[in-house]
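Protein chains in written order, with the working numbering: chain H, 1 to 334; chain R, 1001 to 1263.
Keep in mind that the hints are not guaranteed to be accurate.
To be verified - Within a straight-line C-alpha distance of at most 30 Å, the following computed DSS-like cross-link-like pairs (lysine-lysine) qualify:
id, chain 1, residue 1, chain 2, residue 2
1, R, K1207, R, K1217
2, H, K82, R, K1058
3, R, K1059, H, K243
4, R, K1232, R, K1217
5, H, K2, R, K1075
Derived by calculation from the structure, the hints in this document are not laboratory data.
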Amino acid sequence: MKNKTFLALGIALLLLLGIFLLSLLSGTYTLTLKEIFDTFLGKGTKMHHTVIFGLRLPRIISAVLVGASLSTAGCILQSITKNQLAEPGIIGLNAGAALAVVLLIASNSQNYYDALGTHTILLMPIVSILGAFGAALLIYGLSCRKGIAPNRLILVGIGVNAGINAVITLYQLNMSKGDYNQALTWISGSLWGSSWQFVYMAAPIISLLIGMTFYKSKVLDVIDLGDELATGLGVLMEKERRKFLMLAVGLAASATALAGNIAFLGLLGPHIAKRIVGPVHRRQIPLAILISAVIILLADTASRNLFAPLEIPVGITISVIGVPYFIYLMAREK
Amino acid sequence: MKTHSIEVNNLKIAYEDTVIIDSMNLKIPKGQITMIIGANGCGKSTLLKSIARILTPKKGEVLINGAAIKSQAPKEVAKIMAVLPQSPAVPSGLLVKELVAYGRFPYQSPMGGLKKHDIEIVDWAMEATGIYEFRERPVDALSGGQRQRAWIAMALAQETEILILDEPTTYLDMSHQLEILQLLQKLNKEQKRTIVMVLHELNNAAKFATHLVGMKKGKVIFEGRPIDVITKENLRALYGIEAQLQLDPTATYPICIDFSLHK
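Using the sequences and the hints, build the whole thing.
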């Protein structure tokens, strides 16, 4: 099992490196491998430097961060809700964050064709975290009746998700053209406009939250055995479930702040990882992170290049893979 | 030396507004196999769940070795008492040895791996339950009897003096039932573990229990050695049946050879 885990992690890491290079190379302005290496060694042209360090690298790092946080959040949610289909997009955490951002955009602009102001961009991550926590509070409050029943949490989450999306649509109808485009990338999930500012802000938070989850991974393992056994092993279920839900909310919100509402990514990584290395979280989480990073990076590279110069939101590209997988899982579920 | 492992004082348990157990007092003797019997819905599983901290009592308290259970740290209680619920869920793909190693959870630090003693205990638990040869297999690929033994191995790996099991033999055929009960009997005799379980098969209960508790509508209606408490009167009160009883060849436990519904 140990060897298999290392092998799987190694292969996933190699894949990620390969796609990382592919993503650096490809785009409207195509680079060669030599040009990339030269630029990394400081011998590239100013143009190459801008393309790599100004545009593509922050975008790639954002993609990896988003993949990592959504898959970790998915691992957490699948365990604490005991539902194979749980992930932050489905239960409305991402939508809550997206709604908060849409409200922010809507409240801060007066003219129809205005672009977004700088302070709006800086407020976005904070606002999206507040939005995700708001959604989580709503789901928790509505599904709490002397403790949380995992199934109720999921069903309430799906309802909340639908409700929030309806509100988002309502706001979209009243938006100016410029705002609408900006809002759309948040709602369908896009890495367009990634910048180092966002990366610097999100990377420490995401690393900390993933670190905390990994530190508590044994508790997640035991929670998988069910409330009764976990209690017998000395886990205070209600308290731990709340803590893990907070971690998942923080992760989902950070991801949404970076790239908007990306559904299914939090489902794909954890599932494929579980199939390969089994349900023990200290093996599942790292592999899930790598797999999700590979998927989102591949999807984003495709989004940028398939219909260039048009760009498809990466969330839509992921849904193209995610929806069939989701249906396949539903069909398999007993 | 205390003679009681678990004490239940003035316990009241209710789901929402339905009272299942009202003011119950019970003492479970140390180092014995205590079995709780009773009709469906009499509250025996509810009792086990409140001893196991899964249900919070409305009133009263549960003591373990003389100390109130709710005043102790959850992980410390987990080092004294292991709980095996009825048909627990198996995370798919989990290997037998991983499941059994989860039993070491109360002893482990968050990041630490299994230490030498942990591995010894896990191996011993798998050998004692006869599942060592299946240790590399996923639990969900095992048969019912093997799976049940894997769960028991996990509970054993918890290294506790008290073992609580809710119907450990349900869904097993006769020979596998016997196997599990003999295993538990061996653990009780050789290691002086206190074992408490809910059991449905009257004859197995009479044969393997050293202390028998009969429950009806949330109350204890009799308790004592099987030979003393398995009587026609008690069985009529407990299940509403007319039982024909006789002693086993060694005259140590009663056997119910036939029964009809009480009119």
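Numbers of the earlier hints that this structure fails to satisfy, in rising order: none
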